[in-house]
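So the protein sequences, as listed, match chains A and D.
Per the numbering used here, residue 171 is the first one in the first sequence, and the count goes up by one each step.
Per the numbering used here, residue 171 is the first one in the second sequence, and the count goes up by one each step.
Hints are not guaranteed to be accurate.
One copy or two, it doesn't matter: identical chains are merged, so the pair holds either way.
Stated by the list, open to error - Straight line, CA to CA, 30 Å or less: simulated DSSO-like cross-link-like pairs of lysine-lysine: (1) Lys250 to Lys200; (2) Lys195 to Lys252; (3) Lys250 to Lys195.
The set of hints was computed from the structure by calculation and includes no laboratory data.
There are 2 protein chains.
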Amino acid sequence: MDSVTFIGTVAGFCTTLSFLPQMIKIHRTKSAHDLSLFMFIIFAFGVASWLVYGVLTGSTPIIAANCVTLVFCGYILFMKVKYGK
Amino acid sequence: MDSVTFIGTVAGFCTTLSFLPQMIKIHRTKSAHDLSLFMFIIFAFGVASWLVYGVLTGSTPIIAANCVTLVFCGYILFMKVKYGK
């Protein structure tokens, strides 16, 4: 793996795994009142667009990172709808 | 602008501007209790790494999007520390 791909992989790991503590927090507290619903709707659409961009440019880190982020983000969105009231 | 750059720009706009409703929400409610501090710390580090990746690959959408996201994310982090208790 060259250094550019390595940095892209580190970046992808961080922006993807960052959603894990948020998921755990909502699970523990059963509260998502302070989270913005619009943030996660717009963010999910953006991540889906990054995924298309990654496919079109052939960038493996962008594809891998955004696939996983989309799943995490979708799950937080689901929990926001469930616990956000 | 070719179609690949256009999709990257749309993606960048969405993942960047998605933080705006979250910022506005914290401003209005003065509450960030449900937000995960670790999420925004790890996310900010990831965005900084994407910025380096964008510079190294010469990708204008990645550079532009992550510059602005870093500022927004840093500001939410600041407000989380201020209002998160």
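For each hint, the structure was consulted:
Proximity of Lys250 to Lys200 under the C-alpha cut-off of 30 Å is found in both arrangements, the shortest distances being 9 Å within a copy and 19 Å between copies. Proximity of Lys195 and Lys252 under a CA criterion of 30 Å is satisfied in both settings, with 14 Å inside one chain copy and 18 Å between copies. With identical chains, the CA atoms of Lys250 and Lys195 are at most 30 Å apart both within one copy (12 Å) and between copies (14 Å).
Checked against the numbered hints given earlier, the structure satisfies every one of them.
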